[in-house]
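In the order they appear, the protein sequences are chains U and W.
Counting from 1, position 282 in the first sequence corresponds to residue 282 in our numbering; the numbering is continuous, with no gaps.
Counting from 1, position 484 in the second sequence corresponds to residue 484 in our numbering; the numbering is continuous, with no gaps.
Quick caveat, the hints were computed from the structure, so don't treat them as lab data.
Values in this document were obtained by computation on a predicted structure and should not be read as measured data.
A virtual CB, placed ideally from N, CA and C, is assigned to each residue, including glycine.
There's no promise every hint is true.
Footprint (simulated), chain W over chain U, 3 or more residues, beta carbon under 8 Å [claimed, not checked]:
hint	segment
1	67–79
2	183–193
3	250–258
Pair by pair, the computed Cβ-Cβ distance ranges are [claimed, not checked]:
hint	chain 1	residue 1	chain 2	residue 2	range
4	U	Met26	W	Val290	37 to 43 Å
5	U	Met26	W	Pro435	51 to 57 Å
6	W	Asn199	U	Leu234	55 to 61 Å
7	W	Pro226	U	Ala442	58 to 64 Å
8	U	Leu234	W	Gly46	52 to 58 Å
9	W	Gly182	U	Leu234	54 to 60 Å
10	W	Lys96	U	Val66	56 to 62 Å
11	U	Asp73	W	Asn199	53 to 59 Å
12	U	Phe487	W	Phe478	40 to 46 Å
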Amino acid sequence: MADFKSIALLLTILLPAGAGTLLVFMPRNATMAIKSLAALAGALTLALTIVIFAMYDYGEGGYQFVNAWRWLDEPLNIDFSLGIDGISAPMVLLTGIVMFAGVLVSWNVAPRSKDFFVLFMFLVAGVFGVFVVRDLFFLFFFYELAVLPMFPLIGIWGSSTNFGNFLRTKEYGAMKLTLYLVAGSVLVWIGIIALYVAASDFLGDGATAQAGFSLELLETLGEDGAFSRNFQLLFFPFFMVGFGVLAGLWPFHTWSPDGHVAAPTAVSMVHAGVLMKLGAYGIIRVGMTLLPEGAEAWMPVLIGLGTVNVMYGAISALSQKDLKYVVGYSSVSHMGLVLMGIATLHPLGLGGAVLQMFSHGIMTALFFAVVGIIYEKTHTRDITVLGGLSKRMGLTVAFFAVAGLTSLGLPGLSGFVAEVLIFMGAFQEYWYLAVLGVVGAAITAVYILRLLARAFFGPMDERWNHLSDGGRIEMGAAAMLVFILIFVGVWPMPLMDVINSGVAELLSRFPGV
Amino acid sequence: MTENLHLLLPEFLLASLALVVLGVDLFLPAGRKHLLAWLSVAGLAGLLALALTMLWGKDISLYGGLMKTDAYSLLFKAFFYVLGGVVILASVDFVKKHFRSPGEFYAIVLFAVLGMSVMAGSVELLTAYIALELMSFSFYIMVAYGRNNPKSNEAGIKYILIGAFSSAILLYGVSLLYGAVGVTRYDEIAAALTTAMANADSFSPTLWVGLALVLVGLGFKVAAVPFHMWAPDTYEGAPLPVTAFLSVGSKVAAFALLLRLFGEAFMPTIDQWQLLVAVLAAITMILGNVVAIAQRNMKRLLAYSSVGHVGFMLLGIAALSHIGAESLILYMVGYAVTSMAVFTALIAFFNVTGRDDVADLGGLADSHPFLAAAMAIGLFSLSGLPFFAGFTIKFYLFTAAATQGLLWLSGIAMLSSLISLYYYLMVVRQMYIEPAPAWAMEEAEDEEETAYDEPAARGKPSKLIVTVLAALTLGVIFVGIYPFPLLEAIKAATGALLGAS
């Protein structure tokens, strides 16, 4: 199986990208064949990610499934080098799950379903790329590749929201999201180039054969003191804010609700479920790993902003009338928890943050999937109009309730484990912020329960008499996500073992903690 | 002095090819003029093969140091031959429809290609100037080729006036430079500058003014801000294939000249002019990209976008060094492929509709999915998104600049690149999201047989241009994901220019 291990990660990129390329050459009106191919690619990718995750040996830790190909020689020395550790392994699994679910809920996407699946496949390939590469050039490459398809995906298949007095068009959402994310990536880009220059200067003239963008190399150089304290203090914020934009860091989060609401269901699922995790992952993988001193100095700021995220997102969600906006702001709030957990620099908090990334990814995907099903049936997302849906769409509402209960941290579901860990970590370091975070979680309970009561229970409008649950395929996808939320909530150890091995490795770079 | 004359064989044959095309034109009946295009392309292909076999690995100075045949000039020679072929192939349909004398058009394209390839090969100021003028004169004619189109005439007059004006400035700079150092060969200028730098007293202001005027003169040719004002009008008025050639060919040629001039002659004084060029680059990229947002016509939008790209290329001049020159040449190639892809898509669109406003592109994704996809890929590449050439070349260039202490300028470049994404996305939005414009709907209604749910049938672009476009699109992806072979050639060229690293 040594051979499999060396190409498994490459396959995670090539499977969706290859499927996307194949789809390009299929006739436009062969919808069934197109959908089947997409589903097949999704299923294979999911199976692959499960195998990879199962084969990751957490006892050994470190980077596994390692392989590298030379892409460019001197002076840039770029390697296409792959490998996953305890932090990226769960993210790869998450991407596989959400992608498969995303393909299934897009079963009835129209018109131009071919173009949709082509873009979707490349989006997924980009996301996998970010999680599995170990070279900053390619990390950035895939990061941008994941942003690129968003504009057409939202612009063409998205939906506009009418607020009564003004209209938030899908074009607006698409443009805002793209520009925000690329603006963030500019900061990351500057940071990456600064790292390269500092590393080459440290190596000195005539050492161009050694400089490069490889994470491994930069880590080693960093340990040797290539990045001075001032450099770290100056450039950590570039990564923190640059990746933070994608993670929904307050005050750069405003693209997130608008973009996610405008996006079609599968894209919201992948975007809120996985892409926002890219931001948090980037902060960990690039910022904290390479610039630990800078990270340590800036963490109080990050945890402060994360707390604002939690509170602000929850309070905003409280006042939304659109079902999807509630979920959108709840994402902002939950990503705040992730950022808080990261900023604790505590094994519990960090482990909780990574688990929360996983759990929130599945949960949000479930949220958006269910909202998508409801919207398809009722053609509205207005909470004040909906009501009593549970009488006709029992199973759908039950799925929504599971996502909601995960979101408010009910024990027995994955969100509980993650949040408890984050708060335990935060209490060790900043107890007052942890209190605020808990208050934020309490507000989550208020808006979720209020939503359930208003939109799904209570008296039913005559209009909804004809409704029924979603189609088998969509409901199957949602059921899969529900199963995972419960599984992780009841038995988080398989995930936590892997995550802890990665977190321990990361924290060993912080001697002061 | 003339013993190496055979090394100029490709140039001689190219000039002959142009004359042959003119001659054959006389005997061809009006309906078969497109054969001239094939003749030109076949000739260019043959010359490319000849140049590659004959000049590969040579590094020889000709005519007592007026020209050089080295890896640098060979790379650009090959580049311009290919570019000339692509431009001719992309313009066949257009020429058939809009031009009355196609034979002369193809011949003039060939003359321009000749001028360009000599520009990259000359290592002496006056030779370079004459080559530049050969190219410019060809463009003066081509820009005004739409004889019955007032806009084309206006563009031609504007271009020739500004062109003559900038040539005068350039020549004045050259003469001042000659007055100060007494030589015109690049290597001798470099030697004189080195001596002058060592001995601060002998550094006359004449030299500075001369250098500055040369920079200004060439600034006009490449349309760097603040010398760019001719570009939008000229681009808009010129016939589309000419606009494409102008925006790609003339820019790359001028930069080939600039890079050689600065790399071989002005290198010793880099500390003196680096900041000047860097500031020029910064304002060029910012202004070009910001003003492009307000454009409603595709040609004008691409004109300003190309001004923005000139800013990026100036960044490469400011970061002149081995890595800087490498990245600049890579950028030129990547930009040329991408830009040609976008222009070819636009030409194909113009051929079937006769329109070129951004608003006219509405619904293109439904009526012509391939054109829309190719243009979207080109635009994404221009804005620097990955998988396409734009990402790789920008990453390389901005990294190169940062290693030369210009991280701040790289930062500005990335921000302008972000601005450019906005207006490129507006075009993509038009093609993919907006419905077809009213005129297209009317045309569709006129055709009775068109079913209601079918998108407006607006005719099909010819197979030829679709093939060219497909090849260019593949080129955009190729440079984006596998630039390795290209970089090997570029490294050889840089070695010839700046000496082995």
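Each hint, compared with the structure:
As drawn, the segment 67–79 of chain U meets chain W at 5 residues by the rule of a beta-carbon pair under 8 Å; at three or more, the given contact holds. Residues of the segment 183–193 of chain U lying with their CB closer than 8 Å to a CB of chain W number 5, which satisfies the three-residue condition for coverage. Under the rule that three or more residues need a Cβ within less than 8 Å of chain W, the assignment of the segment 250–258 of chain U is violated, with 0 such residues. The hint said 37 to 43 Å for the Cβ distance between Met26 (chain U) and Val290 (chain W), and at roughly 41 Å that hint holds.
Taking 51 to 57 Å as the suggested C-beta distance range, the pair Met26 (chain U) and Pro435 (chain W) does not conform, at roughly 25 Å. Remark: the range hint 55 to 61 Å for Asn199 (chain W) to Leu234 (chain U) is contradicted by a beta-carbon distance near 40 Å. Our hint of 58 to 64 Å for Pro226 (chain W) and Ala442 (chain U) holds, since their Cβ atoms are close to 60 Å apart. For Leu234 (chain U) paired with Gly46 (chain W), a C-beta distance near 57 Å keeps the hint of 52 to 58 Å intact.
A hinted range of 54 to 60 Å for the beta carbons of Gly182 (chain W) and Leu234 (chain U) is inconsistent with their spacing of about 48 Å. Checked against the hint of 56 to 62 Å, the pair Lys96 (chain W) and Val66 (chain U) passes, with Cβ atoms roughly 57 Å apart. Judged by the Cβ atoms, the range 53 to 59 Å given for Asp73 (chain U) and Asn199 (chain W) is violated: they are separated by roughly 41 Å. The given range of 40 to 46 Å is respected by Phe487 (chain U) and Phe478 (chain W), whose C-beta atoms sit roughly 45 Å from each other.
Comparing the model with each earlier hint shows violations of hints 3, 5, 6, 9 and 11; every other hint is respected.
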